[in-house]
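Participant: The chain contents come next:
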Amino acid sequence: MTIQSHNMTHTTTPGDFQSTDINHARVPEEVIRIESLVTHYGHRKILDDINLTIHRGEIMVIMGGSGSGKTTLLQHLLGLIRPTAGSIHILGKDITSISALEMHDLRSDMGVAFQGGALFSSMTVGENVQLPLREHTRLDNNTINIMTRLKLELVNLSGFENLMPSELSGGMIKRVALARAVIMDPKLLFFDEPSAGLDPVVSAELDELILRLKQAMNMTIVVVTHELESAFKIADRITVLDNGRILMTGTVDEIRNSDSERIQNLLNRRPRNEPINADEYMQRLTGQ
Amino acid sequence: MSSMMDRQGNFGFRRLIESVGRRTINGIEELGYIFSLFVASLYWLAMGKWRKQPVRAATTFKEIMLIGIAAIPIITVLCFAVGVMLAIQSIATLKTFGAESKVVIGIALSVTREFSPLIVSILIAGRSGSAITARIGTMHESQEIDALRVIGIHPVRYLVTPVLLAMLVAVPCLTILGDFMGLFGGAVFTSMELGMNLTTYAARSLDVLTVDDIRQGLVKSVMFAIIIAMIGVSNGFMVRGGAEGVGRSTTRSVVLSISFIVLADMIFTYLLNR
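These protein sequences, in sequence, are chains A and B.
Counted from 1, the first sequence has number 269 at position 269 by the numbering used here; the numbering is strictly sequential.
Counted from 1, the second sequence has number 262 at position 262 by the numbering used here; the numbering is strictly sequential.
None of these hints come from the bench; they were simulated from the model.
Take these hints with a grain of salt, some might be off.
[Stated by the list, open to error] Within a straight-line C-alpha distance of at most 27 angstroms, the following computed DSSO-like cross-link-like pairs (lysine-lysine) qualify: (1) K187/A x K214/A; (2) K187/A x K233/A; (3) K45/A x K93/A; (4) K187/A x K52/B; (5) K52/B x K93/A; (6) K214/A x K233/A; (7) K93/A x K62/B; (8) K62/B x K49/B; (9) K93/A x K214/A.
[Stated by the list, open to error] Counterexamples of contact, computed for chain A against chain B with all Cβ distances above 10 angstroms: (10) I32; (11) R107; (12) G159; (13) L228; (14) G250; (15) I263.
Keep in mind that this is a model prediction, so the values were computed, not measured.
All C-beta atoms in this analysis are idealised placements derived from N, C-alpha and C, irrespective of residue type, glycine included.
Produce the entire structure from the sequences given, and follow the hints as far as they go.
Facilitator: Below is the structure:
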């Protein structure tokens, strides 16, 4: 089991693996390191002292119930919001303090597939997929079109490049979003709720696709989900969030065998039985 | 009893003052936001190339097509109709003084200085300003703006600057078209009513009009273009609350744009005619 706080003292070097000075054991390279992350929305604390390290080439699933803070954590990793305190190192750069220009360069190493796909509704499937290429590279039209077809082929959607997003099913939208996320061959892929709103068969296909992508492109993949089956199928490691704190980080077996009551509640879909204070309940009802 | 009523009266007055204060602060905040968006879009226009994010000419032309070219038929018809209406009213009024022939002066000056920029801008605010708000608002709600950010595309550079540029090109061009069509509408009715042929009408109009009259209309149209673009995009970015929020912001965008256009028109007309 991985202990929640990772006090890594070594420095990262390029390559898949690196050595520590202490025992010369080969440890995986850190791609993401989150240290003491705290976030507030107004006065409400959303994330509290999050420490997490994600290694190169692994699939890390961030799991938790509704309101656990997993979406906020993902938004931090994408650099969309700034934390109250703490740091987030992605590929060796602290994204909470780097310049906008450095962040722009870093984004070409990151791909993101949003929960609802977030495809641009005014563009065709092909235009959606190739947008990052057009913005970040000076490739000619032919090369861009070939690369677009290649990635659409990868997600089993070749021949769909001229359709509009409104003409696609939910599963197809997610696959197009995935093709757009990997068009730049990023080192890091984020996938928000891949199974949400999909039937079990399409959901399983998407899981297979994520595993295939990891194998084919040796990507580090961070998946945010609350779907247990999907998480257990694709994860190398799982981090369980609850009320803005990390309950546990470990392999699938470690999570399954955890003796934490909250984790077992989540795994076995048991409702929380929080005691109700009668006075507070009355105050809430009367609005006083 | 009376002290209780006094207390209720004081409480109501305090709530009124609070409400006015809150609305004033929100209004100032919004003006600040609109101004910061305007400055940011100029920044991306000037510095985009050095920030590896140039403003794409193709995107700007696409916006010009949507805002400008597609609006040509409706601008043509409406400005022609306004010209006809002005001619009808002017001839009817001037007839009481036996000065119908002076109708050319009234139409020429009022169309170029006032009606053409005003009608064109109100039409573009209703047609394109609302569409811009709805588009950006929907993009915001469906995480498309977040998607732009994570792809490494600054939303102001991609969504605001092209709209601002397109407005700055399209609205003055449409105003010139509006000038022509307004004058033409006036000429058609005048020729039918007073028997003045179109060549004479055109020659008299050109005698009356100066470059300053056309410039006055164009200066106004540039200001109106900025108002429509910035109110349209800022309301789009401020959309909250799904489809209902998009609808609310779209309506708000049109009402605010038209209100600001009319107020700005009044101020500019006063300043430019002193």
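Participant: Looking back at the numbered hints, which does the structure fail to meet, lowest number first?
Facilitator: The structure conflicts with hints 7 and 11, although it agrees with all the remaining ones.
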